[in-house]
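Read top to bottom, the protein sequences are chains A and B.
Mapping of the first sequence onto numbering that gives the first Met the number 0: position 46 corresponds to residue 45, and the numbering continues sequentially without gaps.
Mapping of the second sequence onto numbering that gives the first Met the number 0: position 20 corresponds to residue 19, and the numbering continues sequentially without gaps.
Derived by calculation from the structure, the hints in this document are not laboratory data.
Where a beta carbon is used, it is the ideal one built from N, C-alpha and C, also for glycine.
Hints may contain errors.
What the hints assert, rightly or not - Each computed EDC-like pair below joins lysine to aspartate or glutamate, with the alpha-carbon atoms no more than 16 Å apart:
# : chain 1 : residue 1 : chain 2 : residue 2
1 : B       : Lys16     : B       : Asp129
2 : B       : Lys16     : B       : Glu132
3 : B       : Lys16     : B       : Asp133
4 : B       : Lys62     : B       : Glu72
5 : B       : Lys62     : A       : Glu27
6 : B       : Lys16     : B       : Asp85
7 : B       : Lys62     : B       : Glu46
8 : B       : Lys60     : A       : Glu4
9 : A       : Lys42     : B       : Glu91
What the hints assert, rightly or not - Away from chain B, derived, C-beta distances all over 10 Å, residues of chain A:
#  : residue
10 : Glu4
11 : Ala7
12 : Arg31
13 : Arg39
14 : Arg41
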Amino acid sequence: MPLKEIGAFLLVLVAVFLFGNLWFHFVEAILRRIKSRFSRRRKPPAWHPFPSDKEE
Amino acid sequence: MGLFGKLFKGPEIDMEKSRANAEKMRVLFDHVVKDGADYRLIFGYTEDVSRFNYGFVHGSKTKIGNLIVGWNEASQTIVVVPTVPDLSGCGEPTWYRRAEILKAYRNKYPTDAFVIYPDKKGYIAINAYDWLEDERLYVYVSQEQELAAFTDFFMNKFATK
């Protein structure tokens, strides 16, 4: 019986962990969308790829 | 060396990979910085820690920015070029000339970062270590001697207090 209870408790912990992760990524996605709306007009920073003639 | 000796020796540095990355750092730096060859280089990184509270989920997020840090003793200048761990490219360089900065010092707590305030509005805290194992987050390069030289330059010629 205690084993079952321990198992159930661990299952609840796993469910809380999974829901917490989902919630985190859900809020992050919303915030990212809001931020991208406001920064659409901003020029992305200049980026220089590794010079192709120096590649091994 | 016995089995236990091997087990407890700790991680070994792949010097070939480290040398290749040091060369790539040099190519990138020279590509975006005029007279780049006049600068010595180390790898450094910045850490941006922010807290979040999304209702019942809260914690902190750390963003790591990889940097190629060049320094020139003669002109007392540090140049910082943002890059990525695989060194596939880099951003625009930023110059910090000792004569033009507000202040520079080495932090003590929570990290021994090299801190430069170009003006009152912002600062950059450069963390640097001999070698960092995690290739997904940091440039894989062993730089014991270069870091010692940079630390000496920063503390004795660049720091303002």
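*Within 16 Å, alpha carbon to alpha carbon, are B/Lys62 and B/Glu46?*
6 Å, holds
*Given the hint that B/Lys16 pairs with B/Glu132, test it: the Cα-Cα distance must not exceed 16 Å.*
OK: B/Lys16 and B/Glu132 at ~12 Å, within 16 Å.
*Is it correct that the beta-carbon of A/Arg39 has no partner in chain B closer than or equal to 10 Å?*
20 Å, holds
*So is A/Arg41 really clear of chain B, every C-beta pair being over 10 Å apart?*
15 Å, holds
*Given the proposed pairing of B/Lys16 with B/Asp85, does the C-alpha separation stay at or below 16 Å?*
The hint holds at about 11 Å.
*Does the claim that A/Ala7 lies off the interface hold, with its Cβ farther than 10 Å from every Cβ of chain B?*
Given that every Cβ of chain B is farther than 10 Å from that of A/Ala7, nearest at about 21 Å, it holds.
*Given pair status - B/Asp133, B/Lys16, alpha carbons within 16 Å*: 13 Å, holds
*Are the Cα positions of B/Lys60 and A/Glu4 separated by 16 Å at most?*
34 Å, violated
_16 Å Cα cutoff - pair B/Lys62, A/Glu27_ = 14 Å, holds
*Run the C-beta distances from A/Arg31 to all of chain B and say if the shortest one exceeds 10 Å.*
Correct as stated: the minimum Cβ-Cβ distance to chain B is 13 Å, above 10 Å.
*Compare the distance between the alpha carbons of A/Lys42 and B/Glu91 with 16 Å, and conclude whether the hinted pair is satisfied.*
Between A/Lys42 and B/Glu91 the Cα gap is close to 14 Å, so the pair holds against 16 Å.
*asked:* So if I understand the rule, the pair passes when the alpha-carbon distance is 16 Å or less; does B/Lys62 with B/Glu72 pass?
replied: Not OK: B/Lys62 and B/Glu72 at ~30 Å, beyond 16 Å, violated.
In this structure, the earlier hints numbered 4 and 8 are contradicted, and the remaining ones agree with it.
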